[in-house]
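Visitor: Sequence:
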Amino acid sequence: MPSQLEMPPKRKATKASVGPKETVAQKKARVKAEKDAAAAAAAPIPAPPKKTIVSRTIDTKWDSNVCSKWFDQYRDEDEDGAMGPAGIVRLCEELDVSPESVKVLVLANKMKARRMGFFQKDAWMDGMKELDCDSVPKLKRKLATFEKELDDPTFFKSIYSWTFDWAKATDGITPPKCLDVEIATSLWKLMMSSRRFHHVNSFITYLTTMHPVKVINKDQWSNWLEFSKTIKGDLSGYDSSSAWPTLIDNYVEWYKEQPEQEVTIIDD
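Numbering follows this note's numbering, in which position 95 of the sequence shown is assigned residue number 95; successive positions increment by one, without gaps.
Keep in mind that the hints were calculated from the coordinates and are not lab data. A virtual CB, placed ideally from N, CA and C, is assigned to each residue, including glycine. A few of these clues could be false.
As the list claims (entries may be wrong) - Taking lysine to any residue pairs in the SDA-like style, the calculated list, with each CA pair at most 20 Å apart, reads: (1) K112 with I231; (2) K142 with K218; (3) K256 with I231; (4) K121 with G84; (5) K189 with I173; (6) K218 with S64; (7) K110 with S64; (8) K110 with E77; (9) K189 with K121.
What the hints assert, rightly or not - Between beta-carbon pairs, the in silico distance windows are: (10) D219 with E93: 47 to 53 Å; (11) Q73 with P259: 18 to 24 Å; (12) W162 with K232: 41 to 47 Å; (13) P137 with P259: 50 to 56 Å.
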C-alpha cells in the first residue's frame, strides 16, 4: 500500500497582541464621551439668532449726533456752515416737496429761520428736536401735517407776522424794514389761497398793474391780513373813516371802478 502522506503539524494559534488593559475610570470616561457625542448628534441644530436692525427712519428717538450729520449733508461752507438755497433745494428734492410750497414756509418757521433761503444749524437742531425729526423719512411724515396747521387762526396770525421779518429785504437796496412788492405778492399767493380770505387776487392785480408802491411796510402787511379776513367781496364792512393804510383805501377806490367780471370776488 502506498504510504500515507504525513500532514504538517497544526500550528498553535497565537494571541493577538493587546495594549495595556483599560482601567475602570477610563472605561467610564469613554462610555460617557460616546453618549455625549450621540446626544449631540441627535440634538436639533439651533437657528441662528435674529439680527436686530436699527433703523433711523420713523420709530427711533431723536438723536443729536444723527441730526447734526444730517444737517451737514446740505450745509454751505461759503455761508458759515448755514444751509443755503442750494442745500434747501436738495433737501426739498429728498422730501418730494417744492421749495416754493407753503409746507416749506411752515418748516422755516418751525426751524426759526432768521432770513429767507437759509437755515442756521443751531436753530435747525432746536427745531428738529422739538419735531422729533433727525431723518428725511421722519420729516416727510411731519410735513404732511404742516399745511393743515394753517387752518388754525392763531397759528396763521403768528406765522403771518413772522413771515414779514423772515422775508424782508437784505439786499442793501430795498429799505430793511420793508418787503419788495414782488416778494409780498408771492407770499400772499402762497399763504392766502383759502376761501376765508377775500380780495387776494384782485389786490395783487391792483399792485401789479397799477404799481402804486414798490415796497410793502409792516403796517401795510399786518392790516392787509385784517382787511382780507373781515371785508367781504362786496365791500360790506368797509368804512372809509377807519384807520386803514392809504394803500388799502386806494385799492378800494380802484376796486369799485372795476367791471365786476374783471375782479375776483370770493365769499364764504
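Visitor: For each hint, tell me whether it holds in the structure or not.
Guide: Going down the list of hints, with the structure as the test:
| no. | hint | result |
| --- | --- | --- |
| 1 | K112 with I231 | 32 Å, violated |
| 2 | K142 with K218 | 31 Å, violated |
| 3 | K256 with I231 | 14 Å, holds |
| 4 | K121 with G84 | 11 Å, holds |
| 5 | K189 with I173 | 24 Å, violated |
| 6 | K218 with S64 | 37 Å, violated |
| 7 | K110 with S64 | 17 Å, holds |
| 8 | K110 with E77 | 23 Å, violated |
| 9 | K189 with K121 | 29 Å, violated |
| 10 | D219 with E93: 47 to 53 Å | 38 Å, violated |
| 11 | Q73 with P259: 18 to 24 Å | 54 Å, violated |
| 12 | W162 with K232: 41 to 47 Å | 27 Å, violated |
| 13 | P137 with P259: 50 to 56 Å | 51 Å, holds |
The structure fails hints 1, 2, 5, 6, 8, 9, 10, 11, 12 (numbered hints given earlier, in ascending order).
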